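Respectively, the protein sequence lines represent chains A and B.
As numbered in the working numbering, the first sequence has no gaps in its residue numbers, which increase by one up to the final residue, 262.
As numbered in the working numbering, the second sequence has no gaps in its residue numbers, which increase by one up to the final residue, 115.
It should be emphasised that the hints constitute simulated quantities derived from the structure, not laboratory data.
Keep in mind that this is a model prediction, so the values were computed, not measured.
Here a beta-carbon is modelled for each residue, glycine too, at the ideal position from N, C-alpha and C.
Among these hints, one or two may not hold up.
[To be verified] Label-pair ranges, simulated between beta-carbon atoms:
| # | chain 1 | residue 1 | chain 2 | residue 2 | range |
| --- | --- | --- | --- | --- | --- |
| 1 | A | Gln172 | B | Ser29 | 32 to 38 Å |
| 2 | B | Pro19 | A | Thr168 | 45 to 51 Å |
| 3 | B | Gln72 | A | Gln186 | 29 to 35 Å |
| 4 | A | Leu221 | B | Pro115 | 46 to 52 Å |
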Amino acid sequence: SAVISQKPSRDICQRGTSLTIQCQVDSQVTMMFWYRQQPGQSLTLIATANQGSEATYESGFVIDKFPISRPNLTFSTLTVSNMSPEDSSIYLCSARQGPNEKLFFGSGTQLSVL
Amino acid sequence: AQSVTQLDSQVPVFEEAPVELRCNYSSSVSVYLFWYVQYPNQGLQLLLKYLSGSTLVKGINGFEAEFNKSQTSFHLRKPSVHISDTAEYFCAVSKSGGYNKLIFGAGTRLAVHP
């Protein structure tokens, strides 16, 4: 089973600033995904982080607001840019080791924007 | 595209009573189905998954789910719940095969009372 380390675990940020969230997996994984979980709600997929190419974004999410990097098979970052209070949420990194395998989740980053 | 509907946002139940959490999905292609649990202030944990084969799937902590293709359902059941089962439960769907993204339902909060 893969273990995902995500940091920071929480942060309080000022409006207009940016925060980069890091996700480190203890083994090589084929697919990595970034989700957002707003207070009291379900998980919404932001994007699929592709190794060696641009991320694939879901409807409603754009690269300028949520740039993603995935330089290798164990690491990815998500940046929340030009933050507003509406970006306050838990951001979750997840990974899948192989086809048909379950999705592993990091413990999440709780972001509060003032 | 796939979608998931969890029919109950909250399910209150007394300890040792049986429980069923309902999940319906929509898809034009074959799917994989998952149930995840999120305990208070913790990350997501896989309860069980259906990929193929037997339609009755057994998971951890005494939970099971039945895949019903004709009714496009994947309801989660437990014959006798414990206080410790109090958590948020998420049903999720993906296209079958490979490394497809997971789409989550809105979640069902199971509250077990003594």
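Going through the hints against the structure:
no. : hint                                : verdict
1   : Gln172(A) <-> Ser29(B): 32 to 38 Å  : holds, 37 Å
2   : Pro19(B) <-> Thr168(A): 45 to 51 Å  : holds, 46 Å
3   : Gln72(B) <-> Gln186(A): 29 to 35 Å  : holds, 30 Å
4   : Leu221(A) <-> Pro115(B): 46 to 52 Å : holds, 47 Å
The structure shown violates none of the earlier numbered hints.
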